[in-house]
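Chemist: Here is what each chain is made of, one letter per residue.
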Amino acid sequence: MNSIIPTHNIGTDYDTLVQSDRAHTSLYKDERIFDEEMEKIFYSTWVWVAHASEIPEGGSYKTINIGKQPVVAVRDRKKKVHVLLNRCRHRAATVCEHKKGKTNSFVCPYHGWSYALDGSLRGVPSPESYGDCLDKSELPLVSLRVEEYNGMIFASFKEDIQPLEEFLGPAKKWIDLFMKQGAGYPIKVLGEHRFRFPGNWKIQLENTTDAYHFPLVHKSFLSSVDEKTEELFNFENQPGFVEDLGNGHSVMVMIPELVDLDEELMERPIQERFEDLAQALRDEGHEELEVRRIVRAVGGSGFNLNLFPNIACSMAFFRVLQPISVAETEIHHSVITMDGGPQIANQYRLRLHEHFQGPFGFGTPDDSEAWERVQHGANAGNDLWIMLNRGLPGEVKTEDGLKSDVSAETGMRAAYQQWKKMMKA
Amino acid sequence: MNMNLQLLNEVTAFIWAEADMLDHSEYREWLNLWNEKGVYIIPIDPNLTDYENNLNYAYDDNHMRTLRVERLENGEAISTAPKANTVRSVSRVRVIQDQDNEIVLRCAQNLREFRKENLKHYTADITYHLTRDADTGFKINRKIINLVNSTDTLAGISYIL
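Chains as they are written, first to last, in our numbering: chain A, 37 to 461; chain B, 878 to 1038.
Each computed BS3-like pair below joins lysine-lysine, with the alpha-carbon atoms no more than 27 Å apart:
hint, chain 1, residue 1, chain 2, residue 2
1, A, K255, B, K960
2, A, K209, A, K115
3, A, K194, A, K104
4, A, K76, A, K194
5, B, K914, A, K264
6, A, K104, A, K76
7, A, K135, B, K997
8, A, K104, A, K116
9, B, K993, A, K255
10, B, K997, A, K104
11, A, K208, A, K116
12, A, K65, B, K993
13, B, K997, A, K65
14, A, K224, A, K208
15, A, K456, A, K76
16, A, K115, A, K224
17, A, K116, A, K224
18, A, K104, A, K135
19, A, K216, A, K264
20, A, K114, A, K138
21, A, K457, A, K208
Label pairs and their in silico Cβ distance ranges:
hint, chain 1, residue 1, chain 2, residue 2, range
22, A, K209, B, K914, 42 to 48 Å
23, A, S156, B, Q976, 55 to 61 Å
24, A, N415, B, I973, 46 to 52 Å
25, B, T889, A, Y146, 43 to 49 Å
26, B, G1014, A, G148, 54 to 60 Å
Simulated from the structure, these hints should not be mistaken for lab results. Everything numeric in this text was worked out from a predicted model, so none of it was measured. Note that beta-carbon positions come from the ideal geometry of N, C-alpha and C, so glycine has one too.
Pulled out of the complex, with its shape left as it was, chain A reads as follows (with noise of 0.2 Å):
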């Protein structure tokens, strides 16, 4: 097949834009195909919004957007989530606009009209002027529809879409591997590093299940672990693998040996980068079983599971993916810790974390630098493609839906036909 087609035959006429093995290089740029994204795929699917232990008793909240638009996800007295628009109904002001806390309600700083954690409207001050033209229960935040599986918290502002747990499908069993990493204690988000580059969203979307990447980015990080780990993170050498999950879907698997973190827990060795806190676990007083389970979650799981379009379940961390402009993506990663676990296994997920993620992170920065300059190179040949093709001549169909080696871009191609499908709508 050419390479090269006249872009300006193709518009945005999405087949041809989308291709079993390629994706041209304009879904980087074209400001129009943006604006689209916004409305046929963040307000027309599932969105991640909050993990459960973000907002955990009646009154907390967080802020987030979906696509462009500022949501709070708060929970009621009754412990029920809502997640309303951020705008007072009155004149648009925001009602919330610190990142996380715990209120009663939410009171426009603009006139006053205040609100209940359920959105509904609940005053008014100097309701006299309005005299009988102001029906109040005509007037609440507006609400959007919201469904749970396993703490991770979605909404939608599409009313007639489809259940969650349908959307997620084959996903959901790896999202309940993913949870094991609480080794027996509740997960519980505790903070997040944020960051920005100057690049696509997708471009993002697309490194949750590239493994291709990783020794070649990440060489600087290989080279600050212990040897034993970093023949862990040799993903070439395992029987690793990606497979696509259906509705863009997919998951990674790169150290196959850490997808169920609970199997044969007493037959296999503590890591050696674990041992002084498996010491320290058992100083506490900790069973061995229970040791090798704590230490073995403190690790993370041994693979990526990417939700599309925003959310990943993402070794030991959530990665959240906020699209800011055609060339601009916001991203965070949420450190995931045990409610209630021993301290200092804590400290030892926390310090991980640290080690790779974030603008100061081994990790973090060299994967910013990397899309940064896939955004860059696209500004050069705006006939060409990217490239998606690796991994196809080994590609199998499965109970799931399609696998092939770790280092395939079986997961890329998954959600660019999932964005295909979803922008043809």
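Put chain B on the given structure of chain A with help from the hints.
Modeler: Same frame as chain A, now just chain B:
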């Protein structure tokens, strides 16, 4: 206000020398300024001061500091090539505490970074915990870098703040 100007001069000379080392990539000399048990911290939320039990941008003990210096020097990280040029100014130095052989001081740091067509600016409030040392005058026990925009989204920083 009762000020120990001699102490102020001594600690200022020390942290100026440290700033100069970092701007000129003299990382081995910089490592030598630290106590073995010293910790280098860049917090995220300035209200969370239990650094050990919260997430930071950096929480570097001796081992991590050494690894960070190696990462900056070995040329393996694409975010370090080209290298960022930095110039930092340290001022507004105030000794907060001087007792039990530990001096706590606070200062302001303004840092300019230039890398690949971009000039960036990082302002931070820095707290040092120093101990007296026969060789270097002082050793760093703790350095806490509170960026004024620490709760904002940052871009990659591949040098030492």
